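Visitor: Taking the hints into account, I'd like the entire structure generated from these sequences.
Residue 339 in this note's numbering is what sits at position 339 of the sequence shown, and the numbering runs on without skipping anything.
No lab work stands behind these hints: they were computed from the structure.
Hints should not be assumed to be uniformly reliable.
Unchecked claim - Okay, derived cross-link-like pairs now, EDC-like style, lysine to aspartate or glutamate, Cα gap no bigger than 16 Å in a straight line: (1) K240 <-> E263; (2) K240 <-> E304; (3) K332 <-> E304; (4) K581 <-> E515; (5) K331 <-> E237; (6) K581 <-> D566.
Keep in mind the model is a prediction, meaning the values are calculated, not measured.
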Amino acid sequence: MTPEPQSTLATSPTTPAAEAPAAVVNARTEEQPRPDAPAPALKSAGHVIVDSLVAHGVERTYVVPGESFLDVLDGLHSSGIQTVVCRHEGGAAYMAEADGKMHQRPGVAMVTRGPGAANAHVGLHTAWQDSTPMLLFVGLIPFAHRDREAFQEFDIKAWFDTGAKRVMTLDHPERASEIVAEAMFAAMSGRPGPVVVGLPEDIIRQEISPVLHPAIPVAAGGMARTDAEALEEALAESSKPLFVTGGNDWTQEAADQLTAWLEEHRIPAAAEWRTQGTVPFDSPSYVGPIGYGRPRPTYDLLEETDLLVFVGTVPGDVITDGFVCRQDWNKKNFLVTADPSLRGRSGPVSRQVLAKPEAFVRDLRNIHLPVKDEWKAWTGRMRAEQERFAALPPAAPAAGQARMDTLMANLVPRLPADAMVTFGAGEHTNWAHRYFPTRRYVSMISARNGSMGYSVPSAIAASLADPRRRVVTIAGDGEFLMNGQELATAAQYGATPLVIVMDNQEYGTIRTHQERHYPARISGTQLQNPDFGLMARAFGGFGITVTEDRDIPAALDAALEAIDQDNAFALIHLVVEQRVKAY
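Guide: So, in structure tokens, the structure goes:
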């Protein structure tokens, strides 16, 4: 029997910096063996890597196996970590990225060298632009074969250095646990992001001490007294303040506390593109999403407000409509982010507060201001606009072809309060932006880098992470076929998302741009699709194809029954007209 490692300490990633030294000292004290104690049995570096992941709280890893990291796969065999075997490295990377969005620790993917690493790159780019903590382990050629054009050899640093926070290679087996701890820390500290770890296949087989490196505490920051005074003064002078929430570095407690503070002060909050739910959909302070395809009132908000407070994100390309909106240097912008470099920031910066959302909200609650009548009117006007925008269309089916409006009008009343939606990229996502009731953190998971193929993998990861929740994904027909094969993964591991495929036989977003710049010259955007309902049944789930609007309510009932009664995923293939948009 393989002995257990001596230390399995996993420090919370939100541990304040001031507490870190004691935690580390205690961990190191626990690790020291007694002078008369026998030396622990050696383990392979690959097995120690797995033990370290367990110690850091990793519950599952998304894998496309390769001979380059067989020893790690062997370590996973009886580790307690669920090994989710995926059908494509892009799907595995997307699942890990979605997992990182849902937790206060990185999602983990494992792929092999060369082609496997190349296929996983799309998920890494998503994690980079979406500020998602993620670890990508890549099996490599043997150390002894390096720089000899060995089979599937590639330069891991040259490939990934510009799109990851760190790229590390385990060249010394005794550092296996240390590198896991460093990778975890790098992924979570400051602005979260992806970290790549290379594993040469001969190095991970070498035997080393099983003693684990302690988790490295991540500083959460907070508002200094001068920060709090500056923000309080700016709020006191403001007639139309606006908070914008975003990023993936929140906790439910912080989201709840911010919502309570905003509601108490009658101050509005908008959501960064594809991050709705931090301030709930039903909150009187929530005034809608800001991003591509935004409704006009929230676009105007950015210019009208006299004080913007970004929490967990910065005013980047998408929020500012291509670095156009909110560029007046006389505007007041407070940016709350743990990234000292303010990467991606556009426009004025009145003050940066170096803090993660949880630490900022903890200190914000100590600011108490009298509620102004201007705040009430400002928030009330924008909330009314959001309520009109999000009001459901008629639920009664119309004559003729199936419509997404009808589907959403019938789906939303059937959803529990904690329902979650995932989606990738395309005009089909706007129905979720407009109508889906995001009532908690996290309840919307998407690819903010505009990456297609994200919908099905992210829905599988969400369903596996919390099987009790209703997980819905809305996919476009073009997007679905990029990773729709991961439905086999859903069937294998019991994931039960409801998959809506909106089939308009085209790449709709590109067609919209095409019509704007090259009207009446359709080129390269039209699609011919299979029967997606039949495809879902072939993968072992429930599938139905709907072409008539009148059939939508019954199709929804049947799909939800299959999920609840048969414990299977369900797919509704909705064939709609072209050029019909959510707004």
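Visitor: Compare the structure with each hint and give your call.
Guide: Now for the hints, and whether the structure bears them out:
1. Taken as a hint, the K240 and E263 pair is honoured in the structure, with Cα atoms around 15 Å apart against an allowance of 16 Å.
2. Between the alpha carbons of K240 and E304 the distance comes to roughly 8 Å, so the proposed pair stays at or under 16 Å and holds.
3. For the hint linking K332 to E304, the alpha-carbon distance of about 11 Å falls within 16 Å, and the restraint holds.
4. A threshold of 16 Å between alpha carbons decides the hint, and for K581 with E515 the separation of about 14 Å falls inside it, so the pair holds.
5. Under the criterion of a C-alpha separation no larger than 16 Å, the hint pairing K331 with E237 is consistent with the structure, at around 13 Å.
6. Annotation: proposed proximity of K581 to D566 is violated, straight-line Cα distance about 34 Å (limit 16 Å).
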